Amino acid sequence: MRKLFSLSIIFCFVASSVFSEIKNVGVPFIRSFSKREYKGGAQNWNMVQTMNGLMYFANNDGVLEFDGNSWRLIPMPNRSVVRSLAVDSLQRVYVGAYNELGYLEPNDQGKLNYHSLVDLVPEAERDFSEIWQIFPFEDGVLFHSFQKILYYKGGEVTVFNADTEFHYSFLIDNQLFIQEKEKGLCLWNKQNVEQVSGGEFFKDLEIVSILPYTDHSIIIGTAMSGLFLFDGDKIQAWDTALNSTLKKDRLFSGISLGNSFYAFGSVMNGLYILDKSGHLVQHINSDKGLQNNTILCLFKDLEENLWLGLDNGIDYLEISSPLSLLKTNIGTGYASVVHDNYLYLGTNMGLFCKTLPVDSDSKLKADDLELVKNTQGQVWSLQVVDGELICGHNKGTFRIEKNQAELICDNEGGWKYLYKKEFPNRMIGGTYSGLILFEKSAKSQWKWQFVKEIEGFNESSREMIWNDDNSIWMCHGYKGVYRIFLNPTLDTCVNFSFYDEGDGFDSRLNINVQKVHDEIVFSSPNGFYKYQSELDRFDEHKYLNDLFRNEDSVSKLIEDQNGDVWFFQGADMGLLKRQIGNSYELIQKPFVSLKDAFTNAFENAYTYDRKNVLIGTEQGFVHYNPSITKRYDSDFHVLIREVSLTSPKDSVIYFGGDNQAGLVAGDGLVSLPYSNNALRFNFSAPQYSDPGLVRYHYQLIGFEDAPSLCGSTLQKEYTNLPEGDYIFRLDAHNQHGIKAKSTEFRFSISPPWYRSLVAYFFYLLVCVFILLLTVFLIRRRIKIVQIRLKQRQEEELKVKEQKFREEALLVEKEIVQLRNEKLKNEVVFKNRELASSTMNIIHKNEVLSYALGELKKALKKIQDPTALVQVKKLAKTVEKEFNSEEDWEQFELNFDQVHANYLQKLRKEYPQLSPKDLRMCAYLRMNLSTKEIAPLMNISVRGVEISRYRLRKKFELHRDDNLIEFLLNI
Numbered sequence: 001m002r003k004l005f006s007l008s009i010i011f012c013f014v015a016s017s018v019f020s021e022i023k024n025v026g027v028p029f030i031r032s033f034s035k036r037e038y039k040g041g042a043q044n045w046n047m048v049q050t051m052n053g054l055m056y057f058a059n060n061d062g063v064l065e066f067d068g069n070s071w072r073l074i075p076m077p078n079r080s081v082v083r084s085l086a087v088d089s090l091q092r093v094y095v096g097a098y099n100e101l102g103y104l105e106p107n108d109q110g111k112l113n114y115h116s117l118v119d120l121v122p123e124a125e126r127d128f129s130e131i132w133q134i135f136p137f138e139d140g141v142l143f144h145s146f147q148k149i150l151y152y153k154g155g156e157v158t159v160f161n162a163d164t165e166f167h168y169s170f171l172i173d174n175q176l177f178i179q180e181k182e183k184g185l186c187l188w189n190k191q192n193v194e195q196v197s198g199g200e201f202f203k204d205l206e207i208v209s210i211l212p213y214t215d216h217s218i219i220i221g222t223a224m225s226g227l228f229l230f231d232g233d234k235i236q237a238w239d240t241a242l243n244s245t246l247k248k249d250r251l252f253s254g255i256s257l258g259n260s261f262y263a264f265g266s267v268m269n270g271l272y273i274l275d276k277s278g279h280l281v282q283h284i285n286s287d288k289g290l291q292n293n294t295i296l297c298l299f300k301d302l303e304e305n306l307w308l309g310l311d312n313g314i315d316y317l318e319i320s321s322p323l324s325l326l327k328t329n330i331g332t333g334y335a336s337v338v339h340d341n342y343l344y345l346g347t348n349m350g351l352f353c354k355t356l357p358v359d360s361d362s363k364l365k366a367d368d369l370e371l372v373k374n375t376q377g378q379v380w381s382l383q384v385v386d387g388e389l390i391c392g393h394n395k396g397t398f399r400i401e402k403n404q405a406e407l408i409c410d411n412e413g414g415w416k417y418l419y420k421k422e423f424p425n426r427m428i429g430g431t432y433s434g435l436i437l438f439e440k441s442a443k444s445q446w447k448w449q450f451v452k453e454i455e456g457f458n459e460s461s462r463e464m465i466w467n468d469d470n471s472i473w474m475c476h477g478y479k480g481v482y483r484i485f486l487n488p489t490l491d492t493c494v495n496f497s498f499y500d501e502g503d504g505f506d507s508r509l510n511i512n513v514q515k516v517h518d519e520i521v522f523s524s525p526n527g528f529y530k531y532q533s534e535l536d537r538f539d540e541h542k543y544l545n546d547l548f549r550n551e552d553s554v555s556k557l558i559e560d561q562n563g564d565v566w567f568f569q570g571a572d573m574g575l576l577k578r579q580i581g582n583s584y585e586l587i588q589k590p591f592v593s594l595k596d597a598f599t600n601a602f603e604n605a606y607t608y609d610r611k612n613v614l615i616g617t618e619q620g621f622v623h624y625n626p627s628i629t630k631r632y633d634s635d636f637h638v639l640i641r642e643v644s645l646t647s648p649k650d651s652v653i654y655f656g657g658d659n660q661a662g663l664v665a666g667d668g669l670v671s672l673p674y675s676n677n678a679l680r681f682n683f684s685a686p687q688y689s690d691p692g693l694v695r696y697h698y699q700l701i702g703f704e705d706a707p708s709l710c711g712s713t714l715q716k717e718y719t720n721l722p723e724g725d726y727i728f729r730l731d732a733h734n735q736h737g738i739k740a741k742s743t744e745f746r747f748s749i750s751p752p753w754y755r756s757l758v759a760y761f762f763y764l765l766v767c768v769f770i771l772l773l774t775v776f777l778i779r780r781r782i783k784i785v786q787i788r789l790k791q792r793q794e795e796e797l798k799v800k801e802q803k804f805r806e807e808a809l810l811v812e813k814e815i816v817q818l819r820n821e822k823l824k825n826e827v828v829f830k831n832r833e834l835a836s837s838t839m840n841i842i843h844k845n846e847v848l849s850y851a852l853g854e855l856k857k858a859l860k861k862i863q864d865p866t867a868l869v870q871v872k873k874l875a876k877t878v879e880k881e882f883n884s885e886e887d888w889e890q891f892e893l894n895f896d897q898v899h900a901n902y903l904q905k906l907r908k909e910y911p912q913l914s915p916k917d918l919r920m921c922a923y924l925r926m927n928l929s930t931k932e933i934a935p936l937m938n939i940s941v942r943g944v945e946i947s948r949y950r951l952r953k954k955f956e957l958h959r960d961d962n963l964i965e966f967l968l969n970i
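Numbered per our numbering, the sequence shown spans residues 1 to 970.
The hints are simulated quantities; they were obtained by calculation from the structure and are not laboratory data. All figures in this text were calculated on a predicted structure; none of them were measured in a lab. Please note: incorrect hints may appear among the correct ones.
[What the hints assert, rightly or not] When the alpha-carbon atoms are kept at most 27 Å apart in a straight line, the in silico BS3-like pairs for lysine-lysine are as follows: (1) Lys402 to Lys248; (2) Lys203 to Lys190; (3) Lys365 to Lys589; (4) Lys111 to Lys39; (5) Lys813 to Lys803; (6) Lys365 to Lys288; (7) Lys111 to Lys716; (8) Lys953 to Lys876; (9) Lys288 to Lys421; (10) Lys542 to Lys530; (11) Lys790 to Lys803; (12) Lys876 to Lys916; (13) Lys589 to Lys542; (14) Lys931 to Lys916; (15) Lys148 to Lys190; (16) Lys300 to Lys39; (17) Lys530 to Lys288; (18) Lys872 to Lys860; (19) Lys908 to Lys953; (20) Lys905 to Lys822; (21) Lys402 to Lys447; (22) Lys589 to Lys741; (23) Lys479 to Lys452.
Construct the complete structure from the given sequences, taking the supplied hints into account.
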């Protein structure tokens with residue numbers, strides 16, 4: 001069957017500019033901000049919002065600015081408590097504090113600073129104490145303290161003093177109501193304060209709020225006397241049961257929520273929301289999630305949600321949402337149902353219930369839940385089967401009657417229960433260990449009772465559904481799909497088939513089975529499948545896969561009694577709401593805030609009626625009222641909150657303050673030196689419900705070709721940017737797909753000094769200088785080359801000349817060497833001749849000496865006178881020859897030739913030497929022995945020794961000096 005899947009889908013967007021309804025079931029989602037988070041004082045006295053979404057809070061420590069992600073504190077000059085804030089039509093934020101009044105204004109860097117107007121107040125009027133209210137008018141701004149009214153207009157401040165003492169003031173339809181001591185309720189006519197008719201009634205009451213009620217009446221809230229209606233003539237207490245409660249809890253603040261609802265903050269017990277009839281819609285205090293029970297101020301923002309300024313902190317309530325949290329302290333929601341006028345909620349902690357009121361719009365309020373006895377622990381399912389409520393539990397199977405539970409089967413793990421009219425009085429249960437059978441009979445008083453475990457199949461059976469042929473489809477989370485065939489009495493499994501990847505599935509994991517419009521559909525992480533009986537295999541379900549193409553896989557489909565189909569897809573959920581004419585409206589936006597809130601594989605949604613749907617989450621149960629319409633296409637803004645330089649050190653150059661009126665950031669071009677070419681951009685979108693679901697896209701035009709998706713840090717950093725003009729463009733899409741208007745920050749980075757115009761001019765001069773220098777150097781080089789060439793030629797010539805000289809010198813040396821060798825040879829020859837001559841003389845002298853001796857012997861023997869005369873004559877001749885000077889002269893001549901005029905040097909240096917001394921020196925120089933010298937000098941050896949001794953004395957030699965060495969060294 002293809003009834004569901006042949007239908008068209010209608011996308012419907014519903015817009016509403018006012019509150020259509022405020023939920024009276026559950027508690028709105030609350031986002032709390034502690035003073036530790038916003039880093040300010042504990043108390044918050046007033047709140048305003050500018051059109052770009054930024055929130056401002058009057059805090060003990062100054063003005064707090066909040067953009068949805070980060071906080072900024074702007075203190076007062078006198079560090080006083082800020083009591084009041086207001087925004088005019090130009091989106092200027094006015095501020096009132098102790099003896100201070102002024103406004104916030106950005107400086108040239110976009111930093112929002114406080115600008116005081118106290119100097120415009122007459123000096124005598126400057127002690128005006130606390131400014132409690134501020135009201136912008138068309139022609140000026142009114143600041144109200146308990147002593148004075150100060151009116152700022154045209155650059156002047158006019159002061160109106162109270163006759164006695166003012167209390168709070170309230171602006172209704174452009175009329176300013178003021179409570180004044182001794183007068184009661186008054187009106188200010190821009191000149192003075194006049195008592196309204198009947199105003200004296202409030203003389204002794206403390207008025208804390210005045211709100212519009214009808215076209216001709218107002219609601220006046222007092223601190224300790226409750227609420228009154230006033231139509232200008234008659235004053236009466238508002239006939240509501242809550243008046244006594246508000247008196248007891250002491251009213252402190254109030255605000256109108258559209259045309260039909262009012263919110264009142266109390267000192268003792270939190271927030272009260274009433275409808276126009278005075279009925280209580282919501283009461284939210286610290287027991288239901290508020291940080292503090294004392295509410296100092298209330299504010300409805302652009303998204304029609306409610307801010308609470310507390311005595312200690314700030315809370316944000318999503319009162320415009322059709323979703324609310326039913327209960328937070330009962331565990332994770334697994335199953336829910338309404339039966340027999342009881343609400344039942346099954347969680348991991350047990351089964352809880354409460355009796356539903358009759359004929360009430362708030363039937364499903366879960367304020368007074370009680371735990372059904374004996375059901376502590378994990379509840380898996382709640383099903384009404386043939387009129388009885390069956391609870392599948394970790395302990396087994398329970399029958400539930402009102403607030404009582406009876407364990408009818410202790411087989412652990414009651415997953416799910418199947419009933420089919422073809423098998424009356426029979427019910428099949430799926431457990432951890434297989435299938436079990438229950439039946440009704442007269443014996444059991446027609447109540448379900450356990451019969452037996454079904455034989456033949458023992459797999460864990462969590463997801464089951466009857467097939468048209470009375471077989472059972474069962475999906476196992478890890479193994480695959482089973483088709484189980486039972487016998488006619490349903491007490492035995494006669495056969496089963498198993499299907500996995502080989503039978504058409506992409507994977508056997510996490511397959512679920514469900515029936516939608518009488519068609520059985522199998523869902524898996526890879527898409528939808530349907531069974532082809534003729535092939536006994538599974539094929540893709542083309543329509544559903546096309547419907548959810550390019551999306552996360554749908555893990556579960558749930559069809560409710562209205563024919564609407566709930567689906568869980570990845571971390572999200574949605575609704576196909578059936579319309580007239582077999583079309584469907586796709587609804588997803590209300591559930592965006594539930595992203596990632598579901599328990600994987602155990603997603604559940606229960607539709608009680610057209611105004612009450614319960615959705616199980618990890619935090620408990622969320623209530624959804626489909627009849628409440630909320631505008632999801634509201635405009636929102638994306639803001640560049642800060643631009644910082646990160647090099648050489650962190651410094652902020654743009655604070656984003658000029659964005660308070662939704663202007664484009666950085667209206668002028670910011671010029672930065674090249675040394676500051678590393679920047680960090682911080683940004684935010686003032687989206688207070690689900691701020692983490694906003695997606696940001698950024699692009700640095702001039703550096704990046706396309707936008708990029710930002711991560712979770714809400715900042716982007718660039719480093720080492722080259723010089724040039726840049727535009728940082730920021731876009732954002734909120735959780736509903738609405739695109740914010742782009743914002744931009746324009747800046748330029750100057751070239752580094754070495755690429756500036758001055759540098760380029762300098763480079764030109766340098767180039768010209770280098771060119772001229774190059775020409776000069778080239779010419780100089782040519783000249784140098786020429787000089788070097790000439791020098792080289794001269795050097796080569798010199799080398800050649802030197803070579804010639806060396807060769808000539810070499811030849812000359814060779815000639816000298818030859819000469820020296822010749823001279824040496826000649827000296828050797830002379831020495832030889834000298835030695836030979838000397839030896840000859842020695843020999844001759846020896847011979848002559850011998851001959852003379854013999855002749856002398858012969859003379860003694862010769863008797864013949866003639867012979868004697870002849871012999872004597874011969875002896876004289878020999879003796880004469882023996883003493884001949886010719887031999888010595890010849891010896892001296894040869895000796896000086898050989899020994900470089902040695903004897904002449906001796907005569908010159910030692911003139912005291914006698915010829916005999918010179919001869920002795922010559923012989924000693926020749927290294928002749930004493931025995932050799934004696935015959936040469938014709939003296940005895942003893943005479944030689946004596947001559948040597950005399951020479952030593954003439955040379956003045958010491959005893960240790962060697963005479964021969966001395967003579968050789970001369």
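So, going through the hints one by one against the coordinates:
no. : hint             : result
1   : Lys402 to Lys248 : violated, 36 Å
2   : Lys203 to Lys190 : holds, 22 Å
3   : Lys365 to Lys589 : holds, 24 Å
4   : Lys111 to Lys39  : holds, 19 Å
5   : Lys813 to Lys803 : holds, 14 Å
6   : Lys365 to Lys288 : holds, 13 Å
7   : Lys111 to Lys716 : holds, 20 Å
8   : Lys953 to Lys876 : violated, 36 Å
9   : Lys288 to Lys421 : violated, 45 Å
10  : Lys542 to Lys530 : holds, 9 Å
11  : Lys790 to Lys803 : holds, 19 Å
12  : Lys876 to Lys916 : holds, 23 Å
13  : Lys589 to Lys542 : holds, 25 Å
14  : Lys931 to Lys916 : holds, 17 Å
15  : Lys148 to Lys190 : holds, 13 Å
16  : Lys300 to Lys39  : holds, 23 Å
17  : Lys530 to Lys288 : violated, 46 Å
18  : Lys872 to Lys860 : holds, 11 Å
19  : Lys908 to Lys953 : holds, 18 Å
20  : Lys905 to Lys822 : holds, 24 Å
21  : Lys402 to Lys447 : holds, 15 Å
22  : Lys589 to Lys741 : holds, 21 Å
23  : Lys479 to Lys452 : holds, 25 Å
Of the hints listed earlier, those the structure fails to meet are numbers 1, 8, 9, 17, in rising order.
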